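**Q** Listed here are the chains, written in short residue letters.
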Amino acid sequence: MNDNEILDKVSTIIRDITGDDDAVLTHESSAEDVQNWDSMNHISIIVAIEQSFGIKFRMAELEDAKNIGAMIDLIKSQL
Amino acid sequence: MKWFDYLPCDENIGATINNLKSLPADQMWPELNIIAKTRLDFTNTIKLDRAISLADKSNVKTIRLAILASATVAHLIPGIRVAGARHGLYLEVFCHDYGMALQNLTDPTSPLHAFQPDVVLISWTTEQLLGTRISDLDLHVPDALVNGALAELQLVRDLARSAFNCPIIQQTLLPIAPLLMGNNEHHLPGSPLTIVDTINNALKISSLQENFDLLNLNLPVMDYGIASWFDPGLWYKGKQEISPLATPFYGELVLRLIKAQYGLSYKCLVLDLDNTLWGGVIGDDGLDGIKLGQGSPVGEAHLAFQRYILNLSRRGVILAVCSKNDEKNALEPFEQHNEMVLKREHIAHFIANWNDKASNLRFIAQELNIGIDSLVFVDDNPFERNQVRSELPQVAVPELPVDPAYYASCLSSGGYFEAIAITNDDLARTQQYQANAIRISEQKAIGNIDDYLSSLAMVLEWSAFDDQSLTRVTQLINKTNQFNLTTQRLSMDEVEFFAGNPETVTLQMRLLDKYGDNGIISIIIANASPDSTLTIHTWLMSCRVLGRGVENASLGLLIAAAKQRGISRLVGEYLPTEKNGMVAEHYKKLGFSEIEPNNPPAGTTWELDISNFLEPSHHITLKQIPQS
Numbered sequence: 001m002n003d004n005e006i007l008d009k010v011s012t013i014i015r016d017i018t019g020d021d022d023a024v025l026t027h028e029s030s031a032e033d034v035q036n037w038d039s040m041n042h043i044s045i046i047v048a049i050e051q052s053f054g055i056k057f058r059m060a061e062l063e064d065a066k067n068i069g070a071m072i073d074l075i076k077s078q079l
Numbered sequence: 001m002k003w004f005d006y007l008p009c010d011e012n013i014g015a016t017i018n019n020l021k022s023l024p025a026d027q028m029w030p031e032l033n034i035i036a037k038t039r040l041d042f043t044n045t046i047k048l049d050r051a052i053s054l055a056d057k058s059n060v061k062t063i064r065l066a067i068l069a070s071a072t073v074a075h076l077i078p079g080i081r082v083a084g085a086r087h088g089l090y091l092e093v094f095c096h097d098y099g100m101a102l103q104n105l106t107d108p109t110s111p112l113h114a115f116q117p118d119v120v121l122i123s124w125t126t127e128q129l130l131g132t133r134i135s136d137l138d139l140h141v142p143d144a145l146v147n148g149a150l151a152e153l154q155l156v157r158d159l160a161r162s163a164f165n166c167p168i169i170q171q172t173l174l175p176i177a178p179l180l181m182g183n184n185e186h187h188l189p190g191s192p193l194t195i196v197d198t199i200n201n202a203l204k205i206s207s208l209q210e211n212f213d214l215l216n217l218n219l220p221v222m223d224y225g226i227a228s229w230f231d232p233g234l235w236y237k238g239k240q241e242i243s244p245l246a247t248p249f250y251g252e253l254v255l256r257l258i259k260a261q262y263g264l265s266y267k268c269l270v271l272d273l274d275n276t277l278w279g280g281v282i283g284d285d286g287l288d289g290i291k292l293g294q295g296s297p298v299g300e301a302h303l304a305f306q307r308y309i310l311n312l313s314r315r316g317v318i319l320a321v322c323s324k325n326d327e328k329n330a331l332e333p334f335e336q337h338n339e340m341v342l343k344r345e346h347i348a349h350f351i352a353n354w355n356d357k358a359s360n361l362r363f364i365a366q367e368l369n370i371g372i373d374s375l376v377f378v379d380d381n382p383f384e385r386n387q388v389r390s391e392l393p394q395v396a397v398p399e400l401p402v403d404p405a406y407y408a409s410c411l412s413s414g415g416y417f418e419a420i421a422i423t424n425d426d427l428a429r430t431q432q433y434q435a436n437a438i439r440i441s442e443q444k445a446i447g448n449i450d451d452y453l454s455s456l457a458m459v460l461e462w463s464a465f466d467d468q469s470l471t472r473v474t475q476l477i478n479k480t481n482q483f484n485l486t487t488q489r490l491s492m493d494e495v496e497f498f499a500g501n502p503e504t505v506t507l508q509m510r511l512l513d514k515y516g517d518n519g520i521i522s523i524i525i526a527n528a529s530p531d532s533t534l535t536i537h538t539w540l541m542s543c544r545v546l547g548r549g550v551e552n553a554s555l556g557l558l559i560a561a562a563k564q565r566g567i568s569r570l571v572g573e574y575l576p577t578e579k580n581g582m583v584a585e586h587y588k589k590l591g592f593s594e595i596e597p598n599n600p601p602a603g604t605t606w607e608l609d610i611s612n613f614l615e616p617s618h619h620i621t622l623k624q625i626p627q628s
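Here the protein sequences line up with chains A and B, keeping their order.
As numbered in the working numbering, residues 1 to 79 make up the first sequence, in order.
As numbered in the working numbering, residues 1 to 628 make up the second sequence, in order.
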């Protein structure tokens, strides 16, 4: 799975959870760029990504992931 | 076990939910209701919940639910609302600000009081009730902590009851603590897990005395595992004790309780017959061909399913039958098949015809004077299930697995017949069961084996082989190794030959006792010869009924059969194998004398002169049943 495919899948999850259907996401996007990406939805997004990719993030690495690009790197490291 | 595996799957669920948004608001609810009856993970639950917010709900029964919680529970709301849509209810859900439960309860101007709930759900976390207080704890005397926690919950319930006078649901504590000891954790009263147990047990007892209903999470935790419910990482990140992955099912559990509180639980179980209550098709396979009962794994699975259904009926669930069959064929097993647990009298309404099932279900609801939305329809056939789902979406139709071994667990996991209280009728039945249980334990205390055996009220139903039993008889002949005197294996044709031969005595025996039916447990084949001898060709018995005196009773039957033919002498043989050593002394114990062996060197041969023989005693009532 290449970066763009992962980005697509992650974007769909984020739109599904937040309901922000118009959100256009890039590697540089972060929570501020999406409506309703609050702390509760953040956890839902993490869990949905874990479920969808069949992975499990480590808490410490997630704390350091500041944008979607960093999150995609974390996903790739486990695929 | 997977979440919602009793619901059907929509392969394109994402697109189905997206399409909802293009509908006008006043057409959305019926579609929502249908989609909510498919398998939804938590992402799709969140999506569907958003559609619920958009839908026009003015014609939908609304229930106002307040969640009083010690931690973050806003993430529970989509699961609850979607479960509401699944059950045709709109749930308006209130959550107070973090840590403000008591303030909301005690302040009449609070948002909670403004909300005026119809139902209150109390969800306290194990972490907060125990976690931070545990370090001061004496591991041997946790009473102060336990009593404090129970008092805190009691206070919340009391305040809620006096403020709103509405049904209260109290969630049990999740058993999330790591073990200090292990299997014998209960020896340490102050271990966190033991404390959770103690509190949960105390809540069970309170719920019987005080007016509230328990949301007992221990049960789904057994099914899905604590790791599916609680993720410590998510607790540290966001103070969510219930994992988002579990929230759709949590919502479903809450809705089942609310429906029960409002008297909206399903009431009637409508059953298909062929391949649902028994294996095979009665119209094609006939009474002898259908699989039901001991002897085939499929037959046993269907039998177990029938037992589960019978227990549901005893608890108060109405049973009906809806089958595509000629009525005569459909009734035949109920009236004539010995292994049927369900009898015609258990079925409140019985329909067997060739009409479509949705029409028949409408008719059943009408005849029983109950709503169509109180029917649960169980059918192995996906075609029939889908026809009913599309014609009558208000009927619950569990997605039965292919294998009948899992029918009962599928029906159970649907939670259709959730009940919160036991009616007076149920109570009377419960008392009868309790009296039974006492009787059984008294019998166990009886030391004397004769008294015990006579207390079992054993009945041996016997007959010659008949068409219906040929399959089971042949199976027993070919698989019984231990209590088997000659280990003669026979084909079905050979068994049938013996059954039809006038010179052969055949006996099949079924043992019933006060605990139930043990099925066919013993078989004898004996051949009469002109020299006034009855030679025992086969004598076998299931080891399940060893020590009950069945052999003595069987000998009585054999002697009676011999006397009827004017025969005065029985001859039996023991042919040793690696497995049948237990019956080496069988004939000796019954009073036979050893004679010259027919099959030296291994075999032994025995004879019994029955003219003046005193039959061995036993505690079994003999009952001849007519051959079918």
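There could be a bad hint or two in this list.
Below, in silico cross-link-like pairs of lysine-lysine (PhoX-like), each with a Cα-Cα straight-line distance of 20 Å or less [to be verified]:
id	chain 1	residue 1	chain 2	residue 2
1	B	563	A	66
2	A	76	A	56
3	B	588	B	514
4	B	328	B	479
5	B	514	B	479
6	A	56	A	66
7	A	56	B	21
8	A	56	B	239
9	B	328	B	37
By construction, these hints were calculated from the structure, which means they are not laboratory data.
The model shown is predicted, which means the values in this text are computed figures rather than measured ones.
**Q** Checking each numbered hint in turn, tell me which of them this model violates, lowest number first.
**A** The structure breaks hints 1, 3, 4, 5, 7 and 9; every other hint is satisfied.
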